[in-house]
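Colleague: For the protein sequence lines, the chains are Y and E, in the order given. Quick note: the first sequence, position 79, residue 79 per the numbering used here, numbers continuous. Quick note: the second sequence, position 81, residue 81 per the numbering used here, numbers continuous.
Keep in mind the hints are simulated off the structure, nothing from the lab. Where is the CB? At the ideal position from N, CA and C, for every residue including glycine. It is possible that part of the hints are untrue.
[Stated by the list, open to error] Chain Y is faced by these chain E residues, among others (derived, beta-carbon under 7 Å):
id	residue
1	A67
2	E76
3	A246
4	H247
5	F250
6	G378
7	V380
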Amino acid sequence: MNAPLKQHLIDPEICIRCNTCEETCPEDAITHDNNNYVVDATKCNLCMDCIQPCPTGSIDNWRIVTSPYSLDEQYSWGELPKQGELTGGDDGEAIDSEVLALLDQAHTGVGGKSVPPASAAKPAVNLYQRNHAAVATVTGNFRLTHQDSDVDVHHVILDFGEVAFPVLEGQSIGIVPPGVDEEGKPHRVRLYSIASPRHGERPNTNNLALTVKREPNGLCSNYISDLKKGDQVNVTGPFGATFLMPNDPSANIIMICTGTGSAPFRGFTEWRRRSMPSAPGRMLLFFGARRPQDLPYFGPLQNVPESLLGKRFAYSRIPSEEKVYVQDLIRQEGASLVALLCSTVTHIYVCGLKGMEQGVDAALDDICRTANLRWRELRDAMRTEGRYHVETY
Amino acid sequence: MLENLNVDYSTRIPNNVGLVEDRTVLRALEGWHPGYIDWWKDMGPTGFQESLVYLRTAISVDPKGWAKFDYVKMPEYRWGILLAPKEEGRQVNFGQHKGESAWQEVPGEYRAMLRRLIVIQGDTEPASVEQQRHLGATAPSLYDMRNLFQVNVEEGRHLWAMVYLLHKYFGRDGREEADELLRRRSGDDNSPRMLGAFNETTPDWLSFFMFTFFTDRDGKMQLESLAQSGFDPLSRTCRFMLTEEAHHMFVGETGVGRTIQRTCEAMKSAGIQDPHDITKIRGLGVIDLPTIQKKLNLHYSLTLDLFGAEISTNSANFYNAGLKGRFQETRIDDDHQLTNATYPVLKLVDGRISNVDEAALTALNMRLRDDYSRDCAGGVGRWNKIMEKEGIKFRLELPHVAFHRKIGEFRDVHVSPRGVIMSDADWAKAHKEYLPSDSDGAFIASLMEPAFEPGQFASWIAPPKVGIDNKPGDFEYVQIAA
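Could you put together the complete structure from these sequences and hints?
Modeller: Right under this line is the structure:
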C-alpha cells in the first residue's frame, strides 16, 4: 500500500464553475472540462492560494487517499466521494497517532479544545509519514547562541528541492533520527516548530528553518545539531492545525516564549514583515532566557524595528541583577496589555517549556483583575474564537 | 511587488495604487466620497444601514489572505481601490496594436472611446444597488440577507474602481462623468441608468437570484473582455473585480438552485409528481417549476439585449484599438486581429431565422453573447441535476436567443422559446405561458415573508449546503438591531 496522502478536491455540487480558482492557481494545477473543475494531484502543491478567493467554499475539500483520484475520475463526478477508512485525528492536527499524542500533550495548557484563528490560512497536514518521508537536504546549520553560552541552540535550514512541503507559521515537522533503539525498533519521531515563514527561509525558496537546542543525551537534538551542509534528513509532517497565525493584518499578536519556543514567533514576525509591512495590527513579543547570550536570535531581533515588533526581554540569571521572568514583564505592561486584551482582534500565543503557561496565566489574571476584567472568562472566549494558544513541551 | 499586493489604510480610501503619493487624485476622490456616502444612504439598502452585517472586505490582492470577514455597518464598509498586481512586460494582446507594450496612460486617440467604455461599465454598478434596495425587508433568511448586502457593497466597490479610473486618467471630463454616475437613478423617467435591464425593478427574491445569475453574468463577460484591455490600469482593475463578481454568480446560481431544491422536496413529501399541478404545488408555499422557467425566460432575454446589436462597428472599433477583447482572448488560438475571419451570426433572413457568416470583427457582440449563453447553459444544467437527483421530471431550458428581444435582429418579431416565429395573435394568446404574468408575480410576492431568526429559512427556499466563511447553519449573519 502506498503511504496516504492528502488530496485537494473540488465539490462539484457546490462549485459554480466561475473559473476563479483556475485563474488564481500559480501551479496551473486546476483545470476543467464541460462538467467539472478539478485539481491535478501531480501539480497541486497545497499552496492554498485558491482557497480564499473561491466564492462558494467548494474548493475547500480534502481526502486522505492512498492513490490520488485521477483527472478523469474527477471529471466524471456528480458528487464528491466520501472519505475512505483513513481518517485524521479529532481536530485534524495529524493522523499519525504518535504525533497526535505529542501535539495533544503540547496543547493541554490551553485548557480546552484548540481552535485555529478565524483568519488563519488552511494548513496542509500529514503529507509525509515515517514510511513515506520527505527527504530534505541541509543547506545551513548555524549556532545561534553566543560562544560564551553553555546553551547550544542551532538554526538549521532544510531544503526540500523538488518535493512539495507546504507549511504555515506555527506548524511543526517531524524529524526521523536514523538508526534503531536498543530493542531494534526505529527511533521515535521528534517534533520541531518551524521557525521560518510559509514561503521559505528566504522568500520563495522551498526550504524551512528549525530552532533546535542541543540537549545532553538528546538523541535527536544532537543528531540535528551535528548535521552538516549537504546531509540528508527524513522529515514527516507538516503537523498542527491550530497554533497558526491570523492572516488578518489588523490582528494584534501577543507572543510569549522562552528559549526555542521563539521558533514559531520568528516565523510569525517574518511573514508579517515580508507580506504586510504596513499591517495595522500590533505584534508584541515577551521573551525569557537566562542571559542575553543564551537567547536565540538575540542579534537579529535587535534589528527588527519596534514599530513592527515590540520586544520585551526577561533575564533570570544575570549576576547581581534581580531575576526577571516573562510574567513579571506582563505585569509591568499591565495597562497597555489590558487595552489590547479588550480588542476582539487580539491573539495570544504561549510557547516554550511545559509549565510556563501557568505563570503567564497568573500574570494575565492579575492584570485583568486590576482592570476589573475576568481573565478566565476572557481566556475561554478567546480560546473558542481561536485567539488563545498554548504549545508547551 | 509587495507594495502592490498590500493595501494602504493610512488614507481614508484604502488602496493599493499609491494614493498617498498621488495627492491630486486622492483629493479628487476624497471630494467625491461624501457624495457617494449620501448616495449609498439614499439609494442603498433600505432599513438596514445601522445593522451589523457579516461582510467580506477585500484587504489585499494577494490570494493568500485577500479577504477578511467581520461584522460591519454598511455605510462604514471600507470601499477601496484595488488593482490586480501589475504583470511585468504585459503587451496589447489583440487588434492593430498587438505586440506593443500595454499602455499605462490613456492613448490620446482613444480617450473618448475608453472613457465611454468605463462609464457604461461604471453605470451598471450603482444601478443594481438601486434596483435591489428594498429586498432586505423580505429576506428569506439572514444568510440570504447577508449575501444580498455583500453583493451590494461589492457593486459599490466596483463603482469606486471605475470612478478611480475616471479621476486618475480623464481629468475634468472624468470628474464630471464620476459625478453623473451618482446622479442617474435606476428607473428614473428623467435621468435613467444607461442600459435597459438596469432600469427594471427587482420586485422579489427570485427576481434577485435570476438577476444575479443572468444579468450579473453579463457583467462578468464584460469585465472579462475589459480585463483583456491594452490599457493596463483598466485590465488590472477588471481582473480584481472578477474575483468579487464570482460571489454574485454564486448568489444567483445557488439562490435559484435552493428554490428548486425546496420545491422538489415539498412536492415529494406531498406526493405530487406532476410539476404542472401548479395550484397544489403553490399550496405548499413553494414556487412551482413552470413559473421558475418563466422567470428564467424573462431574465435571460432581457440580459441578451445588454449585448447590443449582433453586428456592431463600435465593438469592432474597440477591438481594433486594443481596448476591449474577446472573452478569454489570450486563450483563443488565432491571429487576434480577425483580419479575414468570419463568425456565424443568427439573423432574420426572408422571415426565417438562419445563420449568416459575418466579418468576425463586427460580430464581436454576438460572439460574446454566445460565450455568455454557454456559461448560462452550464448553470441551468446544474439546476436540472437537482431535479434529477430528487426524481422530479422537469427540465429547465434556456429559451431561443430570438425570444422576447427588444434590441438587435429579432426586435420586431415574436419568437417562441423554442425559436418558432409567431404571429401577433398567437403571441398574444401564448405569451403568458412564456413570461411571468401579474398573477405569477403576485403569487411570488405573497411568499416574500421575512425570516429573520438565525438558522430560519422561508418556506420556499432550502438552506445552503455550506455557510459563508464556513459558519454553522444558525450563524447570525446580520445583527439587525445592532
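Colleague: Take the hints in turn and mark each one as holding or not.
Modeller: Hints, one by one, checked against the model:
1. A67: With Cβ-Cβ at 6 Å, under 7 Å, it holds.
2. E76: Given a least distance of 14 Å, the restraint on E76 of chain E is violated.
3. A246: Cβ of A246 of chain E sits 4 Å from chain Y, so the hint holds.
4. H247: Since chain Y brings a Cβ to about 4 Å from H247 of chain E, closer than 7 Å, the hint holds.
5. F250: 4 Å, holds
6. G378: 6 Å, holds
7. V380: Result: violated, 12 Å to nearest chain Y Cβ.
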